[in-house]
Each structure stands twice: as C-alpha cells, then as structure tokens.
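With the hints as extra help, turn the sequences into a complete structure.
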Amino acid sequence: MEVKTLQNYINGEWVDSKSSDLEEVRNPARDELLCHVPLSTREEVDLAVKSAKDAFHDWRNTPPVTRARYLHRLIELMEENFDELSIIQSTEHGKTIDESRGETRRGIEMVEVATGIPSLMQGFNLEDIASGIDEYGIYQPLGVFCTLAPFNFPFMVPLWFFPFAIAAGNTFIVKSSPRTPMSQVKLFELLDDIALPPGVVNLVNGATDAANQLMEHPDIEGVTFVGSTPVGRIVYRKCGETGKRVIAQCGAKNFIVIMPDANLDSSMVSLMSSFFGNAGQRCLSGTNALVVGDDVFYKEFVDKFVDAASKIRVGDGLDESVQMGPLQNLASKERVAGVIEQGVKEGAKLLLDGRKLNLVGDVPEGCFLNPTVFGNVTPDMSLAREEIFGPVASILRASDLDEALKIMDANPYGNAGSIFTTSGKSARQFQHEADVGNVGVNIGIVAPMAFFPFSGRKDSFFGVTHGQGRDVIRFFTEIKVVIQRWF
Amino acid sequence: MKLVTMAAVMSFVTKIEGDSEKFYQELAGKYPETEETFLSFAKQNKRNEKFIKQTYFGVITDTIEACYSFEGLDTGDYEFDADSDLGSTLTDIAKKALEIEDKIQAFYIRAAELSNSMMADVPRVLRKTAQKREDRKLKLKSILDKA
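Line by line, the protein sequences are chains A and B.
For the first sequence, the numbering used here assigns the number 22 to the initial residue and increments by one for each residue that follows.
For the second sequence, the numbering used here assigns the number 1220 to the initial residue and increments by one for each residue that follows.
Hint data in this document are derived by calculation from the structure and do not stem from the laboratory.
Wrong hints could be hidden among the right ones.
To be verified - Here are some chain B residues the structure puts well away from chain A; computed CB gaps all over 10 Å: (1) K1221; (2) A1227; (3) K1262; (4) Q1263; (5) F1270; (6) E1290; (7) D1300; (8) E1318; (9) D1321; (10) N1335; (11) R1343; (12) K1351; (13) L1357; (14) A1366.
To be verified - Derived pair list, reagent style DSSO-like, types lysine-lysine, alpha-carbon separation capped at 30 Å: (15) K325/A <-> K1269/B; (16) K1269/B <-> K207/A; (17) K1272/B <-> K332/A; (18) K501/A <-> K71/A; (19) K332/A <-> K1234/B; (20) K1272/B <-> K1365/B; (21) K1221/B <-> K207/A; (22) K332/A <-> K1249/B; (23) K332/A <-> K1322/B; (24) K1221/B <-> K377/A.
Claimed, not checked - Here are the simulated distance ranges between beta carbons: (25) K1272/B <-> V381/A: 22 to 28 Å; (26) S287/A <-> E1255/B: 33 to 39 Å; (27) E210/A <-> R1266/B: 31 to 37 Å; (28) A352/A <-> D1302/B: 52 to 58 Å; (29) K1272/B <-> T26/A: 32 to 38 Å; (30) L371/A <-> D1302/B: 41 to 47 Å.
No experiment lies behind these values; they were computed from the predicted model shown.
Cβ atoms here follow ideal geometry from the backbone N, Cα and C, with glycine treated the same way.
Next comes the structure, spelled out in structure tokens:
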C-alpha cells in the first residue's frame, strides 16, 4: 500500500513539499509506518511567512466578532470530528483513547474561550484626564506569530495559541512536531473547511531547521514554544536576539507531597494518572512523590502505590482495556530504560521494574515500558533532579511540610506541584510557599483550564506572559495609548 | 469482561442501552396495550446513552483518572439476554424486563461508586440514570399487577 506524504498548508491551499528529506511517522504501539513527513525547504517556510504577512492587513481589519464567527464554525467541525481526531492522536502518539479524547476536548475548549475575543481584547479609558481631554488604551494585533509544537500533545498545544492569536487579528504559522504531525494535518483540514481568508493560518511540516528559520525570520513577531528546557533556552535566546516576543513553556520535575493525613485510598487513582498517564510524557506529570511522615505511613503509601502501579494495563491505546500506552518512539524508551539503570546504580531501591514487560494483547515490545517505581530516592539523585519524561516514579521522604517545601525549592524546575492532604492549613501553606506555577490540592494533574493561564516558573518557563487565558491575549496584542482633545 | 477504563464503560453503556432499547421496541409491537409505555422506555434508552456520553465527553479533560477508576467492574455481572421471546405472556415479559432493569440499575450504581474520584458530573449522571430505572421498575410492576 502506498504510504502518504503529508502536505503543507500555505496561503489557503494544500501543497506538496519539494523536499526530498522525509521522515517516517510510525505508530509506536504497532510499529507500523503511518506516513512520511517532509522537512520543508527554506523556500516553503519563507512562503508560509509571506502568505501570513500578506494576509495580516485585511485580517486585522476584520471585526473581532466576525473573526470569532470563524472559530464558532471550527468548534462545530471539531465536535463532528471528535472521534476521528482522537483516534489519530492515539495512533501517532500511542496514548490511550481516553487520553486522546481529553486532549481533543481541551483543544475545543481553547477555541471556545478564544471566541470571547470581542470581550477579551477590550481596552480601558478615563474621561477628563485633564479638563476636556480623554485618555484610553486599545489592544491591537501585531502581525505574524508561530508555534513550535511538541510531540507529546500534538493536537492540543498549537490550540493553546493560534485560536487566540487569530481571534486577536494576527496571522499564524504552525510548525508541527515531525514525530506526531498527523493530528495537525486533520485540524488544518477542518480549518480549510471553515474557509478562513488565505494566509491567516498556515501549516509547515519540519524539524529544527524550520524552527530556526522561523525564529530568525524578520517578519515573525513572536514565537510560542512547548518542549524541553535546553531547547527552550535556545528559543528564548534566539528570540531575544531578534527582538521577538516569546512564550517558552519548558521541562518539569513535579513534586507530589503526600501528607500523613492524606486519604490514600481516594488519592491513588489520581496519583496513578499523574505519574503514569500519557506514559509519563507530559510536563504536568508527577515524578517525585514526596512522602511526609513516619516509617509506618511511608510503608503504607509505598505498598499501596506499588500495588496500584503494578496493576496498570499496558498496551495499544486504542484497546479500551488499556490504561497506559507505549513511549512515543524507540529512542525515548531506550533513554528511559537508561534512566532506570542509572537509578539502580545511584542506590535507589527498585520497587517495580517497568523493563520487565507485561503487555495486553498482541503488540510488539518495541516502544513499551511498564510502570517503574523507585523507593528510598534522595534529592541529590538524578532520578529526583532530572526530567525523565517516562513512566518512572521516585518516592522520597521528608520529615515535615517545611522540609518538603525546601526539597522542592532546591529543584531547578517550577512547573507544577501538588499536595495531598485533609488539612486546610497544610494546603494553604503549600499554595503560598511552593515556588511553582501551577498548584494542585488533592489534584494529580494541575492542568489549568483554557480561561486561566498555563503558568510555570524557574527553569520551566521563559517569557513574561503565559499560554491560555488573558495572558495569551496580552501576548498576541500590544496596547496603544491615545490621548484625545477636540477643539 | 473486566471494565477498567472509562472508554470501556462508555462502550458498555452503549451496549446495554442499545440492547434494552431494541428489547422494548420489539415488545411494543407485540403488546398493543402497553405499546406507549414500552416505546417511551425505548426512547428513554436512547436519551440515556446520549446524556451520559455528552456529560462524560464534556468534562473528559478533567476526568483523566478515567483510565484508572473501574477496577472490579465486570460485565458478566450485568449482562442480560435481550431476546424479547415474543411467544411469552405479558406477565413473563414484564418479569423479564424487571430483571433487566435490576441489572442495568446495579451497573450504574456500581459505576457511580467507582467513579467518585472523578469530576462530580460523571458519578452524578450515572446515579441519575440509575434513579430513572426506579421509575421504570414501578411502571413494570404496575403492568405486572394488571396482567
């Protein structure tokens, strides 16, 4: 059977890339070739930017309420294609079908919030700053923006940005992840159906070269990026050098503090989802369980956690009985297996070894790992310090909440942190003192809704305003202050 | 079959509501004196499925524990024979319908208990659907009394 090569979407048309540089997109659960993705040429990237730049003038002069109507039509199409969109994500990424449905839903929520642009981008004013003189601020779009999308939420993450950007009157280029580009292609088919003016949204397939070109391009006003911290630093630096706005949402090492008064039985489902959902490949995953309390409580927690993790059914995410899918590719699996080996060498206690595979159904072992749990992990071990991005949980101990917060604070990342407790006092102290952008109280995955910013601190975020909510509207607009007098 | 994910629970909801709908539609054709009641049941079956799925898919971003919540839910405990056995009397049919409703109600009650750690919308819609079965059972008992 002929394997399809994905096309770019530039200036309102699907176009073949002239690139001979193709990469394979594979289903990690089945080790099947799904399609080829071209690494677009410099000319194609330039064409996308030109097309977006050319479209900007007319688009910014389109009334916000009209711009929002396009998005209303997109929501309808996304709902109609909900299942197909979700299945594509599971196929290209490996995540379970429920995880993909959650990703689709969250993507739709972004578009829903962006339709509120007539209210969201309103300015403010003051009459009579001096007698007969008024002053007001208006928010205006800036031009062409782009996003460099990650592999782990290939459908949703571009939607954190572009619906808001175009609703505000900007034009946009999505550079999808070459590892998981298919769900963006499907989304752009829907965008094509709503018949936005040519050039308002553009899709360019590619990898590092295309990303560099976009970051260096003089006609790009700003870049949004979601990915690892080392790459995020490069994006932040490059965009600074070329005077661009940037949102760089980066890596994480999220602590989950378990207080001795926590209701373990109620919490375990949430903890499993936090540590092993999306096979640990998300920046909001719990990775360090920081247990506060005595030996008896520690043992109780460890026994329950390991028992629950050992029961997780691993296999093809499209099988509805499966609770955790594979890593997205073989290299990721090998890297995570190396982390496990390193953890053993550093003296952590391997309580559950995910390298010993126990898979549901007839699937190749290729990209799979089962959940891994380490006990007796200390804050100085690489297991506790470095982002793993795989289904590996480390269990650490602290004598009290103050010590737990100190351990968290010493970690360079600050994306998210959660506390599991029945004490309002502990929860309040944690919320107040934890140096992280997103805080959970008895919540395993602290994923802010579309109408709140997706925060982040320390090495987990570079920039000023964040994705989603009012923050991202400010990112995609600039205020203009007008002082006015009439004679 | 063990149901361990919300995706599997949703598929089972489709099955039991669909089987039950077919069962009542067939009965409606067979027993004109209770046609209206049975057709209303069939219509409600369709609505139940739609309502449950609409609720779940509306909040799924906040129920990502969906993959981990349903240990201990076994379809074997709730499956039923939906053959309407058109040769039976109305009394037999009503008894059979009551058995089916008991099983479906028990399923929703258990699924609601197990999904308590999710967003409240999910267990609430499951409990509501179980409650609707209570009304239906009263109507079936009334048919039984009259038969």
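*Does the structure break any of the earlier hints, and which numbers would those be?*
The structure conflicts with hints 1, 2, 6, 10, 15, 20, 21, 22, 26 and 30, although it agrees with all the remaining ones.
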